[in-house]
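A.B. asks: In case you want the letters, here they are:
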Amino acid sequence: MSWQWLVPTVSIAYLGLLFAVAYYADRRAGQGRSLVNNPTIYTLSIAVYCTSWTYYGSVGRAAENGVGFLPIFLGPTLMAALWWSLLGKIIAIAKSNHITSIADFIASRYGKSPALGGMVTLFVVVGIMPYIALQLKAVAVSLDVLIHHLDVGVAAGVTAPLHYETALYVAMILALFAILFGTRHLDASERHEGMVTAIAFESIVKLGAFLLVGLFVTYGLFDGFADLFGQALADPGLKRLMTFEVVSGGYASWFSMTFLAMMAVLFLPRQFQVLVVENVNANHLRQAAWLFPLYLLAFNLFVLPIALAGRLLFAHHGMDPDIFVLTLPIHGRQDWLALLVYIGGLSAATSMVIVEAIALSTMVSNDWIIPLLLRFRAAFRDDLSGVILTIRRGIIVGLMLLGYLYFRLIGESHTLVSIGMVSFAAVAQFVPAILLGIYWPGASRRGAMAGLLAGFLVWSHTLLLASFAKSGWIAASFLTEGPWGITWLKPQALFGLTLFDPITHSVFWSMLANVGLLLTISLFDRQTAVEQIQALNFVNVFEKGAKGGDEYLWSGFVAVGDLKKVLSRFVGPEQADLDFAHYLRQRHLKLDDNAQAPAHLVAFAERRLTGAIGSASARVMISSVVKGESLDLLGVMRILDETSQVIEYSQRLELKSRQLEAATRQLQEANTRLQELDRLKDEFISTVSHELRTPLTAIRAFSEILRDNEEMDAMERHKFTEIIIKEAERLTRLVNQVLDLAKMESGKMEWHVAEVDLAQITREAVDATCQLFDNKSIQLRNEVPEHAPRLQADRDKIIQVVINLLSNAVKFCTAHTGLVVIQLLEDPEGAGLTVTDNGVGIPKDDLDRIFEKFHQVQNDAADLPLGTGLGLTICRRIVECHNGRIWAESTLGERTSFHFILPCPPDSTDPSTEPGPTAQNRQIACGAC
Amino acid sequence: MSQIKRRKERLLALAVLGGLALNFPLLSLFSRDELVFGIPVLFFYLFCFWSLFVLLIALVVRHRPAERS
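Protein sequences, first through last, are from chains B and A.
Be aware that the first sequence starts at 1, since it is given in the working numbering, and climbs by one per residue.
Be aware that the second sequence starts at 1, since it is given in the working numbering, and climbs by one per residue.
Rather than coming from a laboratory, the hints here were simulated on the basis of the structure.
Zero decoy hints are in this set.
Pairs of lysine-lysine, BS3-like flavour, derived with a Cα cap of 27 Å: (1) K89(B) <-> K5(A); (2) K8(A) <-> K89(B); (3) K565(B) <-> K590(B); (4) K853(B) <-> K743(B); (5) K8(A) <-> K95(B); (6) K811(B) <-> K726(B).
Work out the full structure: start from the sequences and follow the hints.
C.D. replies: What follows is the structure in structure tokens.
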């Protein structure tokens, strides 16, 4: 069988299968049944991290360095734990700003700076191009090695011839793939579903092939892990591979590689593309956070066994450990397995090249070509969307050719050996600008630029130029004696630091320069308005209302039609119309083309344009049609200031008006009360006068009778005199009560609060009224127990209350059959007395009003003695001044009960208790009654 | 929401734990040319910790029924 033809045919067939997968996925997406909206596909697409460098290189590294290959995969594992929070934030920022690449991310964060975007793109291309070349080389080498060894077996000392053209063909097929599935839509923030699905498919192929060869080596060539490791342990040359001694660079290198891998898995252009740009739903991160490390774990499980097996079986062949994966199956006479392994390696290389090419083409077109294009004003006139797509396609082809050229130029030199790590170190230079940028609003554009520039200079000097020197492009003295013989500038021992391996050394110095400059300059810098607003947009992306701060950026005038025209030049007229209509419908706005565009519409157009041509160019384009100025820092500050002042004023006004309302309400209440009091006073005076007139009239009438009838008999004269005395007494009583009431109401009554005994009070009141009871032969039953509770009260006043109640009861009782009962009343609120009589009773309607002044129950029983009409009013006043309560209950014709209750002091049995409020306090308290 | 925040804090703690466990000096404890269960000690430790780490992440991030609301 001629492998010479079969292997290339299978390769092309495999790439054809990739096209089919991608085509199928794109068609599904077109039908609305997306395959990509799935966390497992998302995770598999992230596995584009595992390139042919992983596939072949890990075994090669393990064969020399033992576990030294692992940091490349342990770093991403550690990082995966932080994805949910860190990557979640980056995704949120990228989505709300339509960011499509790492260069755009940094440029947009630091004030949409075109210079920064261009700089990042330059560094990415310089840093990543060798990495692409490495993949092309892997494809070419693996193809030739496979064919060669399939034909001649794994004899010692034979190396395969290398056919460079293979790499060119592969590069062109991949360019075609990237063009077909990566440059369909102009808006790079739209997802490339076909490409992602193909990448996910490739991730399954490479993992499956690697696991198969691992299982074959462990269980086919050896008798399981124990056998393999046992044999290796017996070999003195391999024994050391199981410890840490063989890891070159030791723990420092282990640490720096872990750090680099942590950063690379986020910020390599292809990783950013699949993690952020192609992300459908940020929630997919949660599954990816554990599934991706698991994928890496599975991938690495057999690396060390394969390396040890290769070392054991090819001990004397001098075979390159990098191709153990291919040669071991051939050694085991499993040629088809070897072919499958080769396909796995092909998939690892192609997936990386495809995604990297798409990511880089977006960056190069948005941050280099379009800004240049925009300089030629004439080009504005036409629809540019087709031009931009063509540019992107051209860039992809150009990048592939560049990668191929790079591979041809230094293909054989050992520059490629550690190029993966060198690329990682290049990408790590973006980390400070990005991570500080999304958590610290103070990071400024000048700081980021200086940090990036310094980091890259150090990186170029310590790694890139050093590797050129190693491959002989630059004189070797550059390495050994330093540039121009300056020894402290020796690229691998800067300032005489010889502690670390070259990678760690470079990472240390470049990070020091990068972070140091970014922090220092930012701390002393003044940010422009755009920078400040973007910084807050990025840092506070999760806060409500953070979005739309960029609306402040536009204060000029532009017609809706002009805005639409700008957009349509880059996305096509139909798309622009659709976008505007959709946006206006969402906001319930109706604007025709001549209307002035509101600031948020301008911001929307800018965001939409950012997806197509990058943030910096989008800003340039929009500001070319907005008349008037985009705001400077002072303008923004003034707007913010004015807004906050207006808000403060209106808040103060609101407060004032609330206060005024409250005051008005109080005044109204007071006025109503005053009017009421005035009316009561009038009423009182007229009532008092009326009440005074009744006994006076009687006294005058009887006196006149006595004066005019000299011959009246003694009996009659005595009777009339009695009446006069009685009426005079009533008059005195009335006057006294009116005075008492007036005193109480004006708060001038003096109160002598002391501890009083209810039983004793009852007794005294009963003694004082017993004559009244005897006169009418009414029975009085005192049921108050001897040990009644003690209260804080004015003794005389309480006695007066009881006397009033008793005499009131007497009035309403029928002579001879009347019965008045006086009882103790106790409940949680305090203690008091109940006076019950069996008189005529009080109608329900009158129950509340009997305590009003001069209210007397209208009664048919004409012979009832008249009271003053003030007794109960005085009772109520007194009880209320003690914070107590008085009320009446009655059943008509049966009985009437008067209750009053006074609050008990907190602990009335404790003799040390304060004697209650002083007389003066009481007076004040009563003033309010 | 605070539940989610708490879980993100757990993930941060987990990452710190991983950073410590996979570095000097803890790693040096396992650098011995011996076998456990027929597997080199260092290799065994690294892969065991790796599996445990993945398991712990999965436990923290997993969707819980209560979250649906």
